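Peer 1: Chains as they are written, first to last, in this note's numbering: chain P, 13 to 224; chain B, 38 to 991.
In short, the hints are calculated from the structure, not lab data.
All values derive from a computational prediction rather than experimental measurement.
Among the clues, some could well be false.
To give an idea of the chain B side of the interface with chain P (calculated C-beta under 7 Å), a few residues [stated by the list, open to error]:
(1) E662
(2) L666
(3) S667
(4) R692
(5) R720
(6) R722
(7) S732
Quick reminder that beta carbons are idealized off the backbone N, C-alpha and C, glycines included.
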Amino acid sequence: MESSSSASAAQEFDYLFKLLLIGDSGVGKSSLLLSFTSNTFEDLSPTIGVDFKVKYVTLGGKKLKLAIWDTAGQERFRTLTSSYYRGAQGIIMVYDVTRRETFTNLSDIWAKEIDLYSTNQDCIKMLVGNKVDKESERVVSKKEGINFAREYGCLFIECSAKTRTNVEQCFEELVLKILETPSLLAEGSAGVKKNIFKQKPPETDASTSGCC
Amino acid sequence: MASTSNSQSSIQDDDDQEEEIEHFDDFTLASSWERFISEIEAVCRQWLATGPKNLVKKDAVCLDFSKNIYKVRSELKYAMKNYSMEYYFEPFNDGKVADWISTSHDLQQSFGVKDFLVIAPQSASGVVLDAPEASKLLSAVSIAMSNSSSLWPAFVPVHDPSRRAYIGIQNMGTIFTRRFEADRIGSQVPIKLMHLEGLYELFVSKFAYSTVDLSMHLFKVHFRMKLTYRTLPTDDDPEVQQESEFLESGGHSEFETHNKIQWDDDCPWSEWYSAEDPVKGLELLAIWSERTVDSSLDMAELENASPLEADKWFIFPNLSPHLESSDGSTIGFASQLRLLVNALDSSLGAQFMEDFVSAVENSGSDNMKSSAVIPPPTVLDRVLKDLFHEDAEVKLDFADAENKNSRAIKGAPLESLFAQFCLHALWFGNCNIRAIAVLWIEFVREIRWCWEESQPLPRMPTNGTVDLSTCLIYQKLHMLAICIEKKHQENKEHPDVGDKKTSPYIEGKAQITKQSSSLLEVTEDSSGERDSLTARNDLGSHGVATSLSNSEQQNFASPTDTKLSEYIRMGSAGVVGSTMLLNSCQQMHAPFTQDPPLMTEDMHEERLKAVEAFGDSFSFSAQLEKEILSSDMSAFKAANPDAVFEDFIRWHSPRDWENDDNGELAVSQAKAGEVSKNEWPPRGRLSERMSDHGSSWRKIWNEAPSLPAFKQKPLLDPNREGEKVLHYLETMRPHQLLEQMVCTAFRAAADTLNRTAFGGLKLMTSKLGQLCLTMASTLKSLQRNSLSVDSEIIEDLTRLCVIFEHVEKLLTVAASLHRKFLQAPRLSEAIFSDFYNFYLPKMGTGSGSHDIDKSQEFTKKQQIMAREKEVVASMFTPPTANQSWRKVLSLGNLLNGHEPILREIIFSKRDHVSGGYYAGSYAGGYPQEIETYRMYLCGTSNDLRVALAVASCD
Ligand SMILES: Nc1nc2c(ncn2[C@@H]2O[C@H](COP(=O)(O)OP(=O)(O)O)[C@@H](O)[C@H]2O)c(=O)[nH]1
Ligand SMILES: [Mg+2]
Numbered sequence: 013m014e015s016s017s018s019a020s021a022a023q024e025f026d027y028l029f030k031l032l033l034i035g036d037s038g039v040g041k042s043s044l045l046l047s048f049t050s051n052t053f054e055d056l057s058p059t060i061g062v063d064f065k066v067k068y069v070t071l072g073g074k075k076l077k078l079a080i081w082d083t084a085g086q087e088r089f090r091t092l093t094s095s096y097y098r099g100a101q102g103i104i105m106v107y108d109v110t111r112r113e114t115f116t117n118l119s120d121i122w123a124k125e126i127d128l129y130s131t132n133q134d135c136i137k138m139l140v141g142n143k144v145d146k147e148s149e150r151v152v153s154k155k156e157g158i159n160f161a162r163e164y165g166c167l168f169i170e171c172s173a174k175t176r177t178n179v180e181q182c183f184e185e186l187v188l189k190i191l192e193t194p195s196l197l198a199e200g201s202a203g204v205k206k207n208i209f210k211q212k213p214p215e216t217d218a219s220t221s222g223c224c
Numbered sequence: 038m039a040s041t042s043n044s045q046s047s048i049q050d051d052d053d054q055e056e057e058i059e060h061f062d063d064f065t066l067a068s069s070w071e072r073f074i075s076e077i078e079a080v081c082r083q084w085l086a087t088g089p090k091n092l093v094k095k096d097a098v099c100l101d102f103s104k105n106i107y108k109v110r111s112e113l114k115y116a117m118k119n120y121s122m123e124y125y126f127e128p129f130n131d132g133k134v135a136d137w138i139s140t141s142h143d144l145q146q147s148f149g150v151k152d153f154l155v156i157a158p159q160s161a162s163g164v165v166l167d168a169p170e171a172s173k174l175l176s177a178v179s180i181a182m183s184n185s186s187s188l189w190p191a192f193v194p195v196h197d198p199s200r201r202a203y204i205g206i207q208n209m210g211t212i213f214t215r216r217f218e219a220d221r222i223g224s225q226v227p228i229k230l231m232h233l234e235g236l237y238e239l240f241v242s243k244f245a246y247s248t249v250d251l252s253m254h255l256f257k258v259h260f261r262m263k264l265t266y267r268t269l270p271t272d273d274d275p276e277v278q279q280e281s282e283f284l285e286s287g288g289h290s291e292f293e294t295h296n297k298i299q300w301d302d303d304c305p306w307s308e309w310y311s312a313e314d315p316v317k318g319l320e321l322l323a324i325w326s327e328r329t330v331d332s333s334l335d336m337a338e339l340e341n342a343s344p345l346e347a348d349k350w351f352i353f354p355n356l357s358p359h360l361e362s363s364d365g366s367t368i369g370f371a372s373q374l375r376l377l378v379n380a381l382d383s384s385l386g387a388q389f390m391e392d393f394v395s396a397v398e399n400s401g402s403d404n405m406k407s408s409a410v411i412p413p414p415t416v417l418d419r420v421l422k423d424l425f426h427e428d429a430e431v432k433l434d435f436a437d438a439e440n441k442n443s444r445a446i447k448g449a450p451l452e453s454l455f456a457q458f459c460l461h462a463l464w465f466g467n468c469n470i471r472a473i474a475v476l477w478i479e480f481v482r483e484i485r486w487c488w489e490e491s492q493p494l495p496r497m498p499t500n501g502t503v504d505l506s507t508c509l510i511y512q513k514l515h516m517l518a519i520c521i522e523k524k525h526q527e528n529k530e531h532p533d534v535g536d537k538k539t540s541p542y543i544e545g546k547a548q549i550t551k552q553s554s555s556l557l558e559v560t561e562d563s564s565g566e567r568d569s570l571t572a573r574n575d576l577g578s579h580g581v582a583t584s585l586s587n588s589e590q591q592n593f594a595s596p597t598d599t600k601l602s603e604y605i606r607m608g609s610a611g612v613v614g615s616t617m618l619l620n621s622c623q624q625m626h627a628p629f630t631q632d633p634p635l636m637t638e639d640m641h642e643e644r645l646k647a648v649e650a651f652g653d654s655f656s657f658s659a660q661l662e663k664e665i666l667s668s669d670m671s672a673f674k675a676a677n678p679d680a681v682f683e684d685f686i687r688w689h690s691p692r693d694w695e696n697d698d699n700g701e702l703a704v705s706q707a708k709a710g711e712v713s714k715n716e717w718p719p720r721g722r723l724s725e726r727m728s729d730h731g732s733s734w735r736k737i738w739n740e741a742p743s744l745p746a747f748k749q750k751p752l753l754d755p756n757r758e759g760e761k762v763l764h765y766l767e768t769m770r771p772h773q774l775l776e777q778m779v780c781t782a783f784r785a786a787a788d789t790l791n792r793t794a795f796g797g798l799k800l801m802t803s804k805l806g807q808l809c810l811t812m813a814s815t816l817k818s819l820q821r822n823s824l825s826v827d828s829e830i831i832e833d834l835t836r837l838c839v840i841f842e843h844v845e846k847l848l849t850v851a852a853s854l855h856r857k858f859l860q861a862p863r864l865s866e867a868i869f870s871d872f873y874n875f876y877l878p879k880m881g882t883g884s885g886s887h888d889i890d891k892s893q894e895f896t897k898k899q900q901i902m903a904r905e906k907e908v909v910a911s912m913f914t915p916p917t918a919n920q921s922w923r924k925v926l927s928l929g930n931l932l933n934g935h936e937p938i939l940r941e942i943i944f945s946k947r948d949h950v951s952g953g954y955y956a957g958s959y960a961g962g963y964p965q966e967i968e969t970y971r972m973y974l975c976g977t978s979n980d981l982r983v984a985l986a987v988a989s990c991d
């Protein structure tokens with residue numbers, strides 16, 4: 013997967029996909045995102061509410077712009093988070109292989125939220141077991157992960173944000189799957205770049221760096 | 038193998054010379070008569086050899102009225118005249134002669150045959166008038182048949198076509214021949230032949246060649262009868278009346294003043310229009326299966342029998358002819374949606390909705406003027422009243438009425454203000470762009486009034502979060518409704534702002550200018566104290582301790598006028614288990630917190646844009662969340678004056694606090710609460726990521742003032758956000774409005790139809806679900822706020838209207854059947870499923886595809902079970918005096934005073950052919966029975982057709 017810096021906002025792209033990271037606080041969502049977008053791993057401040065990063069990649073011959081939303085995972089921000097499910101073509105459910113409750117919460121809380129808030133029936137879901145570098149502390153086996161993924165009908169991968177094992181593959185697999193789904197493809201098509209701001213005053217700040 | 042040349046050789050001399058010259062047939066030796074016979078024979082042989090199944094694959098055509106019967110055709114010439122020979126056959130039916138239920142060809146009915154030939158001259162009338170010519174023709178066929186050893190019966194039409202008279206012949210093996218004859222009395226049926234006795238005697242007279250009084254003799258014959266009944270059309274057909282009213286009113290359904298109760302009055306669509314009842318009536322077939330009769334007396338008895346005594350009952354609906362046409366002539370949601378799509382098309386160029394209204398005065402475009410009617414102000418007033426005069430009963434629990442698939446359509450939920458607006462717009466004038474513009478401008482004006490007067494928006498929830506799956510206008514209106522609610526709460530607590538709740542909506546509009554100036558003053562001084570009040574009102578709905586009412590809250594919160602103090606607890610919602618603070622021996626209190634601010638879709642997108650523009654600068658992207666976090670921290674500080682940052686983390690993000698006691702993470706509040714008081718102070722530390730001194734969390738904590746939620750600046754400023762919503766509504770581009778109207782109107786129309794009671798017919802339910810999915814995928818192209826709507830999208834939408842029309846028609850059929858057969862749900866389900874399967878292929882893809890099936894009528898019959906008979910019979914209500922004077926009853930077997938509209942009878946006589954006279958071909962030894970006489974009688978009191986088939990040994 014070729015990738016390029018996300019700094020330049022005016023890059024050309026064929027498709028824009030919105031991805032969402034969910035899961036309990038502390039499972040490593042932000043680390044995973046950082047690891048993917050800037051190839052680094054550092055101890056991050058806990059996410060406040062919702063954060064996101066943009067990454068341009070070229071995959072399957074298509075130029076893609078990925079807007080990846082990272083959520084806090086704490087109760088407090090749940091209502092705000094719910095609005096981000098909408099319009100997401102991919103949802104990444106992350107758990108920590110060294111903490112069982114982060115895994116059980118996926119089915120108890122998170123999967124239910126997806127059903128409730130995601131309006132896109134074709135949306136691709138992916139289950140990610142993070143922190144496999146801490147193999148000695150592992151409490152959730154790979155088999156359990158696979159079983160849950162099969163039952164819930166989603167993709168599955170284990171990875172480590174720290175060692176960057178499988179991080180690229182995780183996003184790559186998800187995006188490839190989205191590319192295979194015509195309805196999602198239609199949604200993300202660049203031809204429908206939203207223009208609603210063209211008529212709105214707040215655009216003034218955004219446009220200065222936008223079109224040059 | 039029987040090729041044409043082979044068959045021709047059969048009438049040629051076995052001359053070697055001629056055999057050498059292939060394909061040269063010397064007809065000089067044969068007469069033209071013989072050549073004609075050979076031609077017939079050749080064609081027959083070919084058809085025989087090809088076989089029915091192959092003929093279907095080749096050039097056979099299926100008959101319109103029945104899927105089972107096919108025919109092939111060949112042209113012949115004899116004596117300067119052209120004849121056509123047709124072979125009718127049922128390729129997928131082995132041996133069985135058609136029963137009385139499935140549709141069959143007239144000649145099959147008349148003579149009890151299956152496959153047959155018809156030979157007729159190709160003259161204009163198609164009928165052989167000349168008797169000698171007819172019998173000559175028939176004998177030619179007969180010879181050809183026996184030459185080709187074909188057993189097909191062959192018929193020749195005679196007389197005037199209206200008599201439908203035929204003669205026919207059939208070779209039955211080597212011994213028997215059957216002869217056929219059919220004729221009709223078109224008027225003045227003799228009284229005798231109106232009654233079963235007379236018909237019986239007519240049949241008997243065909244074989245009892247005696248002059249004795251037939252009534253004195255006993256002749257055992259077989260008898261079968263089928264009676265057809267039809268429900269009467271309702272008095273003075275309301276359809277006619279209604280349609281004329283409709284036209285007078287300029288297509289506006291609300292003008293209709295019905296005296297009559299319409300069949301669909303309680304159907305959900307009747308609020309908008311009245312549909313024609315697609316089921317015009319019912320036809321009932323009562324069948325007496327075969328029985329033996331041996332005297333006219335038996336017949337008289339049968340004629341007195343009630344149809345309830347018949348062995349079998351079948352029913353089928355008479356459907357409105359309008360069901361077949363999909364030219365948009367039927368008024369319904371589909372027809373109006375089509376108009377709305379046209380309006381969308383014409384909205385594309387315009388800048389503002391106002392442009393369409395002002396075009397009335399100055400634009401010279403005549404076609405615009407003539408077609409774009411704007412209804413009079415009285416109609417406008419009525420619509421606005423309906424929209425804004427909220428009934429106390431309007432349900433805001435939208436979810437249950439909707440198809441679960443309709444959520445995928447980005448529109449407003451059914452019954453909500455904007456959905457109701459869209460449905461009204463469909464029927465406002467003829468839903469042209471100018472009428473829509475007028476309605477919209479007034480609509481927004483009313484909303485502006487509600488906003489200025491802090492009056493609740495009708496049909497809108499005043500709480501909850503913004504549902505991004507709805508259309509933007511709905512999101513905005515929801516936001517506005519919440520802002521108005523907050524503003525209204527403020528006003529309530531401000532004695533100086535008068536309560537305007539009582540001013541009527543329409544009247545109040547006129548006062549806007551007067552009142553708005555004073556209102557603006559109130560809006561402008563919104564600061565400090567007012568904000569705190571807003572915040573306090575937020576509290577009741579927050580999740581931490583929602584059950585506390587305002588008054589109870591006072592117990593925890595200090596009075597608002599008390600000076601802020603670090604030592605006074607404010608805005609507490611109660612203690613958190615038995616959790617103790619770290620630095621002071623006190624219980625931890627959970628604060629009331631502000632609701633997170635509401636955001637509509639465009640606000641989310643603004644955020645996205647802004648983040649993009651500023652790169653990944655964390656400080657910006659988390660701005661909003663920082664405000665929320667800071668607000669929470671302030672509230673926490675106020676509720677726990679002695680708390681430190683770590684305390685906040687223990688409450689807010691327990692995972693980021695590692696408890697020392699057992700070296701484990703304190704994973705939940707409950708667990709944290711287990712630490713008993715005497716173990717104070719609790720030992721532990723922040724998680725690694727949280728303890729980082731550069732942690733933005735700690736920075737925010739340090740900067741957050743101690744302020745209870747009700748004293749904080751609100752996260753959502755209702756005055757600002759509400760005004761933004763109105764700005765959006767007032768400056769909308771026409772195409773943006775129309776796009777959202779189209780989506781919402783489709784969704785609301787489908788959801789309205791979805792409420793129809795049709796007895797849970799599964800096919801209908803799934804069709805409605807399918808419709809929603811189709812709509813969702815088609816309308817997606819409109820939901821993207823893209824600037825251009827191209828002609829392709831308009832085409833797609835037009836196609837969608839056609840699909841919608843089909844589903845709407847199906848639904849009226851389902852609803853009509855359901856209410857007609859309330860007591861016999863099995864029947865409505867069975868009939869509907871028959872109709873569904875019949876109608877489905879006609880739906881096509883939505884474009885005007887021309888199927889060959891188009892002309893086919895729905896004739897599938899459903900058998901009625903014994904226990905359903907009473908229900909069905911009760912549908913034949915006794916005719917009123919008005920209805921019965923037209924008819925003189927002359928046939929028997931009345932059903933609740935209804936005479937059959939058609940009576941069909943088959944008499945037959947069978948004889949054994951064991952040895953003796955009939956032997957010969959049946960030398961097998963076991964006795965055979967063949968039908969020697971068969972008579973089919975079909976008619977009413979002034980029309981009688983008789984067909985006779987007689988088998989004899991030549
Ligand atoms: N060993 C290890 N630690 C990780 C990994 N991913 C994240 N972490 C740590 O787990 C903690 C929580 O990570 P964070 O990304 O903030 O989780 P989030 O709340 O889901 O966003 C941090 O201290 C990370 O350093 C991983 O793959 N391996
Ligand atoms: Mg995070």
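Peer 1: Each hint: holds or not?
Peer 2: Hint by hint, here is what the structure shows:
1. For E662(B), the interface hint holds, since its Cβ comes within 7 Å of a Cβ in chain P; the closest pair sits about 3 Å apart.
2. Using the Cβ-Cβ criterion of 7 Å, the hint placing L666(B) at the interface with chain P is satisfied: the shortest such distance is roughly 5 Å.
3. Hint on S667(B) is violated. Least Cβ distance to chain P is approximately 10 Å, over the 7 Å limit.
4. A least Cβ separation of about 5 Å between R692(B) and chain P falls short of the 7 Å threshold, and the interface hint therefore holds.
5. Checking R720(B) against chain P: minimum C-beta separation of about 21 Å lies over 7 Å; hint violated.
6. The restraint placing R722(B) at the interface with chain P is violated, with a minimum CB-CB distance near 15 Å, outside the 7 Å limit.
7. For S732(B), the shortest C-beta to C-beta distance to chain P is roughly 5 Å, which falls under 7 Å, so the interface hint holds.
Violated hints, listed in ascending order, are 3, 5, 6; each of the other numbered hints is respected by the structure.
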